[in-house]
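Once you've looked at the hints, dock chain B against the given chain A.
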Amino acid sequence: AQKITQTQPGMFVQEKEAVTLDCTYDTSDPSYGLFWYKQPSSGEMIFLIYQGSYDQQNATEGRYSLNFQKARKSANLVISASQLGDSAMYFCAMRAGNTGGFKTIFGAGTRLFVKA
Amino acid sequence: ETGVTQTPRHLVMGMTNKKSLKCEQHLGHNAMYWYKQSAKKPLELMFVYNFKEQTENNSVPSRFSPECPNSSHLFLHLHTLQPEDSALYLCASSQTRGLAGIYEQYFGPGTRLTVT
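These protein sequences, in sequence, are chains A and B.
Take the first sequence: its position 40, counting from 1, is numbered 40 in this note's numbering, and each next residue is one higher.
Take the second sequence: its position 106, counting from 1, is numbered 1106 in this note's numbering, and each next residue is one higher.
Since the hints were derived computationally from the structure, they do not count as laboratory data.
Treat the hints with caution; some may be incorrect.
What the hints assert, rightly or not - Below, a list of computed lysine to aspartate or glutamate pairs in the DMTMM-like style, where the Cα atoms sit at most 20 Å apart:
| id | chain 1 | residue 1 | chain 2 | residue 2 |
| --- | --- | --- | --- | --- |
| 1 | A | Lys103 | A | Glu15 |
| 2 | A | Lys103 | B | Glu1056 |
| 3 | A | Lys103 | B | Glu1067 |
| 4 | B | Lys1041 | A | Asp29 |
| 5 | A | Lys3 | B | Glu1053 |
| 6 | A | Lys103 | B | Glu1044 |
| 7 | A | Lys103 | B | Glu1104 |
| 8 | A | Lys16 | A | Glu61 |
| 9 | B | Lys1019 | B | Glu1067 |
| 10 | B | Lys1040 | B | Glu1104 |
| 11 | B | Lys1022 | A | Glu61 |
| 12 | B | Lys1040 | A | Asp22 |
| 13 | A | Lys70 | A | Asp55 |
| 14 | A | Lys3 | B | Glu1056 |
| 15 | A | Lys103 | B | Glu1053 |
Next comes chain A alone, as it looks inside the complex:
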């Protein structure tokens, strides 16, 4: 069975500091993709970053980087230099390439609070 686990319901970070949001996953499919999405209070889910299971390097997109540890089945999101606008819900998600069809499963989310 495929599963995404986010164990941090809420996180606080001081503005301009870095923060790591945890995500672990489980799948028996060797081909899969891992995603992080941001959901501000407005409700829209915003795609942040993608990591493929065969990618050799960790994905980076601006201030976002994905710490991909395949053997540990973890895909933590690192946000550098936090900004007040980073306050939002963050969801880790996974889609299995061979067996998942079009189904992407999401974790329960982590609410990030950035303090001024």
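Relative to chain A, chain B alone:
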């Protein structure tokens, strides 16, 4: 600016009403999705359409009826809903890439539905 629009943004309906949610994507994607987001629950996939054909129905009650007339438009027809159906309904679209077809999804702002 998002390439996926949803209307209405807010909807209040009685249990005997019939209403429809509309989603339109301007990204040239070939897959469209309906998700339900309830308080304190992970995002739940409801339906997936790929090239106008339904590829996923995640055991959704028949009081929810999707319609996909073309790759750019997706509807969710609602009838005889229950109060527990109150939630944020998110539409998303995606393209496929590579042999595994793993892709990110782009979401609309959602429709906040309240069933009274």
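Structure-based check of all given hints:
{"no.": "1", "hint": "A:Lys103 x A:Glu15", "result": "violated (35 Å)"}
{"no.": "2", "hint": "A:Lys103 x B:Glu1056", "result": "holds (8 Å)"}
{"no.": "3", "hint": "A:Lys103 x B:Glu1067", "result": "holds (18 Å)"}
{"no.": "4", "hint": "B:Lys1041 x A:Asp29", "result": "violated (25 Å)"}
{"no.": "5", "hint": "A:Lys3 x B:Glu1053", "result": "violated (26 Å)"}
{"no.": "6", "hint": "A:Lys103 x B:Glu1044", "result": "holds (10 Å)"}
{"no.": "7", "hint": "A:Lys103 x B:Glu1104", "result": "holds (12 Å)"}
{"no.": "8", "hint": "A:Lys16 x A:Glu61", "result": "holds (17 Å)"}
{"no.": "9", "hint": "B:Lys1019 x B:Glu1067", "result": "holds (13 Å)"}
{"no.": "10", "hint": "B:Lys1040 x B:Glu1104", "result": "violated (24 Å)"}
{"no.": "11", "hint": "B:Lys1022 x A:Glu61", "result": "violated (32 Å)"}
{"no.": "12", "hint": "B:Lys1040 x A:Asp22", "result": "holds (18 Å)"}
{"no.": "13", "hint": "A:Lys70 x A:Asp55", "result": "holds (10 Å)"}
{"no.": "14", "hint": "A:Lys3 x B:Glu1056", "result": "holds (18 Å)"}
{"no.": "15", "hint": "A:Lys103 x B:Glu1053", "result": "holds (15 Å)"}
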